[in-house]
Each structure stands twice: as C-alpha cells, then as structure tokens.
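Chains as they are written, first to last, in the UniProt record's numbering: chain A, 1 to 975; chain B, 1 to 426.
Just so you know, not all the hints are guaranteed correct.
[Said to hold, decoys possible] Derived DSS-like pairs (lysine-lysine); straight-line CA-CA distance at most 25 Å: (1) B/LYS326 x B/LYS355; (2) B/LYS330 x A/LYS21; (3) B/LYS337 x A/LYS38; (4) A/LYS322 x A/LYS309; (5) A/LYS34 x B/LYS337; (6) A/LYS309 x A/LYS297; (7) B/LYS337 x A/LYS21; (8) B/LYS11 x A/LYS34; (9) B/LYS418 x B/LYS373.
Treat the hints as calculated values from the structure; they're not laboratory data.
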Amino acid sequence: MASQAKGLQNFISDLRNAKSKEEESSRVERELAKIRRKFASGLSSKSNEDGSNTSLSSYQRKKYVWKLVYIHVLGYEVDFGHSEVLTLVKSNKFSEKQVGYVALSLLLRGSDPLMNSVVNSIRSDLVAGGASKGSNSVQIDTAQSLALCSIANISGLELIQALHVEVQHNLVSKTSSPNVKKKSALCLLRLVRTSPNLFAGREFAPHIAQLLQDRHLGVLTSTMSLLNGLAVQHPTEYETLIPYVVHILGMLVIKKACGKEYLYYKTPSPWLQIKLLKFLQLYPNILAEKDANPSSKASTAQLTQVVQKILTETDVSDSINKSNADHAILFEAVNLIVCWGPSGPTQLREAAMKLLGKFISVREPNIRYLALMTMAKLAQLDTGSAEGVKKHQTTVLVSLKDADISVRRRALDLLFVMCDSDNAEMIVDELVNHLVLADAAIREEMVLKIAILAEKYATDLRWYVDTILKLISISGDHVSDPIWHRVVQIVTNHPQGDLQAYAAATLLVAASPRRCHETAVRVAAYVLGEFGFLIAERPGMSGEEQFRILHQHWHSSDETTRAILISTYAKLANLYEECRPLVAPVFARCKNSVDVEIQQRSAEYAAMREAFSPEAVEDLLREMPPFEDKEQTALELRLKDKEGEDSATFVKAARPSVEQRQRAAQAAAAAREVEEEAQRQHYEEEGGEEDYDEEDRLQDLAPVGIPKEIIPAMRKAFSNLCTCPSGVLFENNFIQIGLKHDYQAAQGRITVFFGNVTSNLLKHVRISIDDCDHLRMQKQGTEGLLDDEEGGGCSVAARTQAKLLILVETLAPFDDAPAMRVKFETTEGIKHEYPLRLPIVATCFMEPVELASGAFMQRWKSLEGQERECQEIVKAPQSAPEIDEEYMEKIRSIITDGLHFGHCQGCDPTPWTISGAATYRTGSKDKNGNNINVGCLVRVEANPQARAFRVTTRTLHPLCSKAVKNVALVSIKLA
Amino acid sequence: MISMILVLNHKGDVMISRQYRDDVSRAAADSFRLQVIAAKETGTQAPVKRIENCSFLYTRHLNMYFVAITRANVNPALVFEYLFQKITILKAYLGEEFDDNSIRNNMTLIYELMDETMDYGYPQNCAVDVLRLYINLGNIRQQDEPDASELTSQITGAIDWRREGIRHKRNEVYIDVLESINLLMSSQGDILRMEVTAQVQMNTKLTGMPECKFGLNDKLVIEKEASSNRKPGVEIDDCTFHRCVRLGKFDADRTITFIPPDGEFELMRYRVTDNINLPFKIIPAVREMQDQNRVSINLKAISTYNTRLFATHVVIKIPVPKNTAKTKIKTSFGRAKYEPEQSAIIWRIKKFPGKAECMIGADIDLMPTTRNKAWVRPPINVDFQVPMFTSSGVNVRFLRVYDKSGYNTNRWVRYITKAGGYQIRI
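Pulled out of the complex, with its shape left as it was, chain A reads as follows:
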C-alpha cells in the first residue's frame, strides 16, 4: 500500500513534520477541502445513484479514503465520503474492499442515519458464502471476514438487529470455512456484549454444543470466548455444555490431540485450555451435586482426572515460553480448585498446595508472584489447606525481602491470610522486624495488616499493646489514626486483668524519652488521662511525674495532640492536688490560642471548678465508658478501601478469630447482665404503655354487634390494609367486606365491596361514613346503600355484592381513620350493626422522596424538637425469626412499599438502621395557591439482641409524626 500511494505518504510526513498544532490543523483542513473537491467534481453530471463520483479512478478513490481514515485517526472530524466508502465496499477487488471496510468501521458509528444502506451491502457479503461455493471461495471468505470484522467494530443497535441472524447463520452453517466461523463467533461475542438479550441461551446452547464438536482448534478457541461471554451473563442456561467442555479438555490434556499449528512449545493450545478452565470456574458446584446422572458423573470423574494431570505434569522448564504457557494453565487449574472450594477433592487441594510451595521459591519473579497470590486464595479455603500453607511459612518470609515490590506485597497478603492463633505471634514479630527494613511504599500497608493481625490473634492483650507501640516507634508516620484509636478502644473495653495498668505504665515509659513519635504521645496522653491513676502509686509514676513526662512534648506537638494533652491535664489535675498549680498556667496560656478547639477546651476546663459542684466535676472527668463494638472496625474498612471487597485479605480480616470471639464473649458476659437487666425493665415499661394503647384502639374498633373473638383478626386485617392496596376488611358468617384503594398525591380512590356470604338475602344494607374536617369525600354506591333512614337501604342477594366508591382528598394531616358504620338485616329479621374503620391513614397520601445521605441527615437534624419528633419502641413478634439481614430487608419493604417512603440509601450507619423520606401531600392550598405539603422522615433502628425496634419519625407537623409512627409500629408488629 505504501508504494501505491505517494500522495498519502507525503501527506503523512507533512503532518508529522508540522511544528505546531495550528500548522497541522491547517494542513488537514486544506487536504479535506481538496478531497471534498475531488469527490464532488462529478456531483452534478456523472454520479452514481448513491452519490459517489464515478470519474474517480480506483487508485484515487482508495488514496483519498486512506487519507480520510488517517485524518480521522488523528482525531479530526470526518463526516463525508461515506458514498465513496460504500462504493469501495461494494467493489469486487480485494484491495478496494479492504480499504472500504477499514474506513467503514472507523468512520461510521452505529447510530448514524445512513446505516440502512450500509446494512444491505454488508449483508450481501455475509450471505455470499451460502450462495456459491466455487472457485473463488477464498475471496468470498475474506469478504465475509471483513464484513464480520466491521460489524463487530461498528456494532450499532440497528446493525445488530438487522444482521445478527446472518452472523449466527454463518457461525452455525456447515458450509462456512473455519476462518469465517472463528470471526463469526468473535463478532457475535461483541454483539452480545452490546445487547445482552439478543437470543435465548436455552435455544442457542445446542448450536454451541455442535460447534464444540468441531475438530478445528481455532474454531473451538473462538467459540469458547463466545461461550465464556455468554455464560458469564446467564450461567445456568449453558450448564448442559459442561460435558463437551470437559471432553475437549480431556482431549487436550490427556490425549494431547492437537494439530501441529496449535502446539505452542509442545503445549497443546494453551489458550484454549485456559478458556475451558475459565468456563468451568463458573460452575463451582459441579462436583458437589450428588444426584448427578451417570453421564455427568463420568464427566466429573474425567474432569478431576484432567486437573490431576495438569497438576502432576507441570514443572519448571528451561524454555521460558514453554514454562509460561504451562504455568498459565496450571494457575488456571488451581483457580478452578479454589473455585470448587471444600467440595472439591482434598488430594487435589493438597497437590496444588505442594506445587505452589515449590513455585514460591523459584527464581522467576512472575511465577513467584502468581504462586503467592494463588496460594493466598487457596489458603483462604477453610479446610485443612491452612495447615499445608504453614509448611511454606519460611519461604514466604523470604519472599518478603524480594527485590520486586509487587512480590513483597503478595507475600505480605499471603502471610496475612495464613496467620492463625498458632503462628500469629511469630508472623507478627517477623513482620515487625521486617518493617524496619521495608520500603516506604509498602510500610503503610504492613502497619495496617500487623495491627489487624495483632488484634485478631492476641492471646494476651499486653502483647497487642506492645506490638502497636513497636509499630509506632519504628514507623510512626504510617500508623494512621484508626490504629491508635483502636488501641484506646481495646484498652478501655477490657477492664479485666491488669491490662489498663500495664498499658498506662508501658506508654509512660514509651513517652519518657525527650524525642518520641507524636502518635506515641497521643496514645500515651489519652491512656494516662484515663488510667494513669492505676499506676500513680508506683515509684516514678506519680501524677506529677506523669504530667512532667507528657508536658515535655508540648512544644513539639501539633494542635490535635495538644487538644488531647489538655484533656489529659484536666483529668490529672482533677485527681492529684499537686498537679493543679502545674496545669493552671498551661490553661491560662491556651485560653488565647489561635486554635479554637484548644482555646475552648482550656477555657472550659479552667472554669469548670468554679462553675460546678465538685461532684459534677468529678462526674465530668471520670474515665470514659466502654466503646461500642462495631461490626466492622475502622481498620477493616480501610483495608477494604485499599484492596476491594473480594480480596482474600479482606475476607480474612472481616472474619473474627477465635481469640476475638473469646474476648468479646468475656467482655460481653460481664457487661451484658447489667445491661440486659436495665433493658428488660425499660422494655417492660414501654411494653406496658404499648398495651394500653392497643386497648384503647381496641375499644374504638370493637362495638356491640361484632363478636369478641374475631376482633384480633379484624385488627390485623385493618393494619394490613393500611399498607396493602387491596384486601379483606371484615369477614364473618354473613358478610364479607373487601376493599381496594389507590392514591395519587393528595387524592385517593377507595372501592368497598359488601359481599353477601349467606345463602339468603340480606336486607336494608346501609352504610354511613362520618365526615371529618381533614378529608373531603365523595361517595357513590349501589342504589340505596347510602340511605340513612331506618328500613331503607338496598338488598343484596345471596352470593352477590354491593359496591361503594369513595373519592377522597386529604386537606390536613390526621392520625385517626374515618369511621364507617355497616347495618343490615338478615332474613330472620336480626339486625346487625358493625362500626368499622376505613383504612385511610396518613401514610396513604405519602409520596416517596429519594434523598442522598447528606441531605437526609441535614433535614433530620433540622427537624429536631419535641413537637416534631415521635419515638416509640416495639418488640418484634414472638413468632418472628431472629432479626437478621433478611428480616431487615422485610422491614425495609414495609417502609418503602407499605408506608410509601423512599428509602434513603447511604445514611444508615449499620445494617440495623433503615431511613426513609416522603412528602405528605394535601389538597389544601396556601395563600400562593400551591398545595401544602409536609415533609416526613422516618428511621427504624433495630436492636437484634433485644429483639426490638425503635421507630422515630420527624415531620413538620406533630400529627403527621404521630400518624406515621403509629402505622409503622403496627406494620412492624405484623411483619
């Protein structure tokens, strides 16, 4: 091509030599103008029907289109010349077709309006193969391939719709050459990626099965790419193909049946093998299925055999290419084993572990890296494999000193994962020793991981405190705030034993030297402030001494540290008389500090003694209460930030260790008894109140005429209907009252059905509904139904219904439901009268609002106050299961679907909280003529231990708060 087009070469070299952007773009503009002129010169007289210029020679046309392509590639907009491109595509000569298709796939986008004309010419090339398979089959093949490539490149929606059938046909057709099949498979993969639901997997799977029986390895490789693409989207639909895949794998691995051209350094088609293994990884449970039929059993047996073979046959070889290919397959196989997890055969896992152990000590860093990474995954599996890993501990420790930092990272990960109670002390010590030499780039990560490990596996918390102190002294800059905060938490939360005294003494010693890291000063300051009194009796550790040691760092520390120091001084001064004269001048000086925090603290502490009684001061400066144990510690969150949720290390970190559980149990046991007692009392009080409330409501609903025993069912029905669009409101032997209601902003449409369930006529059926101020109602019903006179009303024949339609508009917030009185007479002449309530409650008129967490919290805070807030605690029903994620999900759906609140994602700090927001729409107008709306916020907090929920509502209107709270309570109770 280069020799063909001198002009093109000149043009390109002109652009390359351009000194500035302006020069380049002006050259491009000139060239574009020239091409336009050339293309247009026959526009009026001698042009084809599609607008291309016939007077151009083939050479010129190609040259100009190449130039357009080059200009496009440089980033300039080219939006003409498509007709010339089409002419080239339609041409019979290969060289022209090639240019045409290249230009087509680059210049056109899927959304362009002239796709129609393109589609036809592409289609004719696509189907050419089926029509005539003669002497020029090679040419047809290339044409088909070019067409497929450009379809894949353009892949507009319209194009996909128009041509995917042909592409599929090409793929499946027996007449297509292997080359075309390969291209079709890849093209189809591209199309499926853009529009995933192109065809049903179930129908397509047999076609793929047929393709998988092809003998051509190239076709197989492409088909596997397609299959992987498809199966990732819908794994279940392609499960039937597993035996075929296993078969191919068996052919390649065991029989080594492979054409010469697909042998890569004596390895049979490694790419295909990897794709096959990747596909199998989508089905982690195939080995676990017990009820498999014989054929699939055979295939699983073969599969294990294959994997076994891969594991045993791979070795480090001299040829770098050979070993790369082999190892790629091997690692994929190990991934498969990891994927199977505990359901896979144990000997495979052991073999894999052994092999990896060998690899982590080889010279080649790439293999070492992969081996370490895979080993971390393998070690993550629960059963037994951890034992295997431990054998390699020393090797891994050596890798920690590797020259390559990425290998060091992996080694660190692996160490982190393989750490357990037995070897924790050793690993942590080793890591701490290594930290001294470690590169700055990896230090922060190391510190974080050491801190987590030390906390997880500390049998003696004193060791934990020592370790962190060591970390601070070695690499204080990398000890982030969460780490030392955690130390403080742990020390505070474990009053048993002498941990607190030990920590205080150790930290005092650590802070003694003139120069020590700022973080150490902070921890020391805090811990001494809290627990300094435990060691004050010891020699050289009196309160005064403590103050002196801390205060020597005053001048070298920053604002945050000083703030902590000030609090500590206040506590010291409170405990030890002799410290007061020492502390007073510090406070006096700090009252004028630039930093507001320091200024405020010192001023308040200084004034405290005069302002309050000694008891109050004592109370204020008492040690802090134990911290709340969070689900995920800040450290783990940090790890998650860094490595992503599914990394092996994070999974590991999130799982509490035996030691942690023990510790938690110990700590909790002590605290719980006291707490639970208090809570029980609290709930009993609350519960009593609750019962009283219900009694109240009960009396409302239970009049004469309704038998006592159906009241609970009735109440339940009423509550259900508050949150459901339709249901039964009341039912007994005579009548069934059903109800359907839907709401649109401030307006609602309620249909009530009165069904006669007796076999006789019901006479004088009459309904009366009390009018209320806050609702405007329009009623319309079966004739006579709304009469209020005695003896009037309509008759409802056996097994038929009377109907009442109510249109309602809310005018103001309210917290009760409108009353409805149903009266009728049986044929025996017995009069019935049921006072009922219609389930029209405030939440019916809610419109969900989506709020970001920031906005939610802001509004939540702005709505504080007695009037606007309603809070109540409700116990989960006795029959309900444990409060877990699933249960919370149910509560969430109550809030969103039942109460019509929008769930505010992201503002819930824990999974035990659900927040929602909505607008209460009314039909009344304010003075500007706008509808009055009331913003409502709700928050449900669960206490899984106490099996209780706390419902808090905050709205602008007190009645609204109450109403929402009531509905929420009742719905939760029924959940």
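Chain A is already provided as a structure; the job is to place chain B on it using the hints.
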C-alpha cells in the same frame, strides 16, 4: 512573584535562564518543553499553563519563547506586561528582528538587563531610555559616560523618564492618532455594539526639558472656550495617560501638559461611543438552498468616507460551511479565494476608494455529510485601514512646546482608522 525567567528556542532548549527565587528548579524548563512545546500546544491553548504547582506564562517572539515561571498567585497581566517590555527592550538593544543567534552572541548584555529589570521577582525600571544610561552594549552606544551621582538622581528623581541635557539638531514632534473601530451588527442590520478605542502615539525629538501642551477637540474643552464659530467637539468617554502627563492639571482644567520622554511613547488612550462614522457598510445576502447542498452568498461593500481618501488592506472574510466542496466566485473588484484553513472566502482589496461600491457573489457546492448538522453561520469579519480618517471625528487642535531656549518645533500629525473587531452577523 516571578521565580524564574527563561528564554527558549523553538525546540525548547534553554538559551537564557535567570532565577530570581529558589523555589523552582531548572528542571522546570524540561516540563515546559515536554508539556507545552512538544505537545504543540502553543498558539491553540491559553498562554498560561500550570504544571505541578508551577505557573508558566509565556509569549513568543519569532520562534523564541519567553517564559515566566512562578509558584505564587501573581497578577498575570503584570507578568505579561513585563515579558512584553522585556521584548521591547531587547528589540531596542539588539534590533527589531533579533533572533536566537543574536541572543546567543549577547549573553552578558542580556543577563545584565535581566538583573536590572527585575529584583527578587519584582519588575524594576523597564524604560529603555533610562536603561541605556548605564547598560551600553549592543546597538546602543552611549556618547558620554554620565556621572554616577547624576545617574542615581536620575533614576530616583521626580522625572525618571527623561534625562537632562538631551540635544537634537532639529526639534521635531510626530503625533499618530490610531483609532480602531469595533462593530457588531446583527443580520437585520441593527447595531449591537459600536465603539472606537484609540491611542495617541508620539515620537519626540526635542532639546532640553521642554514643557508640552496638547489639545484635542474634546467636547468639554470646546464648550469651555465657547467660541461660536467652531464645530462641536467630540465626546470622549474615558481616557488614560502616560505617566508623564500632569493629572492634577488635567483634572482641574482638562489641559494635557507634560514633559515628554525622548523618543517614542504612547501619550494617551481614549474611547468614544457616540457619533461614530462607519467607514464601510456591508450588506450580505446568504441563501441556503432547499436541498441543503448549495449555498449562495452575495455581498455588497460600500465605502462612506470622502472620495479623496482610500482604504488599504481591505480584507473581508466571508465564512462558508465546513463541508464546502466547490466554490464559484465572481467579484467586481479585488481578488477572492476560498481558504479551507479558515473555512471562509477571503476577499482582498488593496485599495478601496471613497464613496465606492463593490460586489462579490459566490455559489458554493456542499458535500453531503454523514450526520446532518446545521451550519452555525459565524459572522463576517472585515479588516481595513483608512489613513487620514478618524471615525470618531477627533483631531489634534494644537501642540505647544515651551522651552527655556525658545526654539522652533516642527510638528507632524497623522491619523489612521483601523478595524478592530468589525463583524456583521449573517
């Protein structure tokens, strides 16, 4: 303030570098070379680039880049003014067309100038006239070495722009009134914006320390003089002066008095917005044909100034759509050509007589495009120069020169009106 000044050649090699503060390293030149010059960014992007907390402000003279580097939040106008002054000074010392060779040959001189014009990143005295008193290398030759004490009092004195004891054989003053007219007209012919900004340039060659008094036909002054036989003056909206003008006096009675610097300087700038005479009327007619593939443009240009005058370098730039394939142009006068770089038809007329009418007609064939996009119709741009014509009507009434020796002075006045942004929407 400015931390470093660099002079680079077109490849980005450092020719001159002077560090005023040590908060940037010389490696900065490399990042400028890589990210601005090598990226072919010059000319298309803003001349201020921020790389790693360093601001690079640059300008170009021929193919050399003058770059100021700073870490501080400087006033960019000040930095650019300094760079422009620097180039003016170098022009005075090395000749108008100085190039990399002359820079290389006058290294010491340039470093001396660098030291003299800036101190610790703050610009100092940049007046060539004063600089040449004590830096005399290159083209500038000093006849007699001034006394050191004289020099000090000169630089620190009240009139630092002129030194005593200047002698000229012939005492002459040249005054150039350069007006540039800005116009934006809508497609209906309504005037959206119209103003004249002008500057009065002077070149004085006067002996001693003369006191000058300068007068324009400013409306306020004319009304004060209240002589009935005069034409009404021009209303000048706002004006700024060279620092040699005594502002107190101007504020008191609007007379412009000053002791001028020797040589060229800009005496004042002013702006006029009322009663402006447009030198050209442009009447365009643009039609886009129904089938979207043709555009026809007809345009008439009429000159309104006196028949004795003529405009030079008239360039009318008529925009055409981007996908123009072929153009057929007919003009009654001058030469017109389609220039794809500007995507416009450029019509050039060397000499445009007064009270004349010229026509141009163009038929344009468009190329059909893949994606239909409407033509944005940018405005027509006109460029011209009309000598001896002021569109604001300003003229110089007098310039009086008083000196102790009482010599005679020759005065030469010249007027030119140029197009600033002269645009007509279509």
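Hints versus structure:
Distance restraint check for B/LYS326 and B/LYS355: the Cα-Cα separation of roughly 33 Å exceeds the 25 Å cut-off, and the hinted pair is therefore not satisfied. For the hint linking B/LYS330 to A/LYS21, the alpha-carbon distance of about 33 Å lies beyond 25 Å, and the restraint is violated. In summary, the hint linking B/LYS337 to A/LYS38 is supported, as the alpha carbons are separated by about 18 Å, within the 25 Å threshold. Taken as a hint, the A/LYS322 and A/LYS309 pair is honoured in the structure, with Cα atoms around 17 Å apart against an allowance of 25 Å.
Using a Cα cut-off of 25 Å, the hinted pair A/LYS34 and B/LYS337 holds, with the two alpha carbons roughly 14 Å apart. Between A/LYS309 and A/LYS297 the alpha-carbon distance is near 18 Å, which keeps this suggested pair within the 25 Å criterion. Simply put, B/LYS337 and A/LYS21 have alpha-carbon atoms about 24 Å apart, close enough for the 25 Å limit, and the pair holds. Between B/LYS11 and A/LYS34, the direct Cα distance comes to roughly 31 Å. Violation of the 25 Å bound is thereby established for this hinted pair.
A hinted pair counts as satisfied when its Cα atoms are at most 25 Å apart, and B/LYS418 with B/LYS373 does not qualify at roughly 36 Å.
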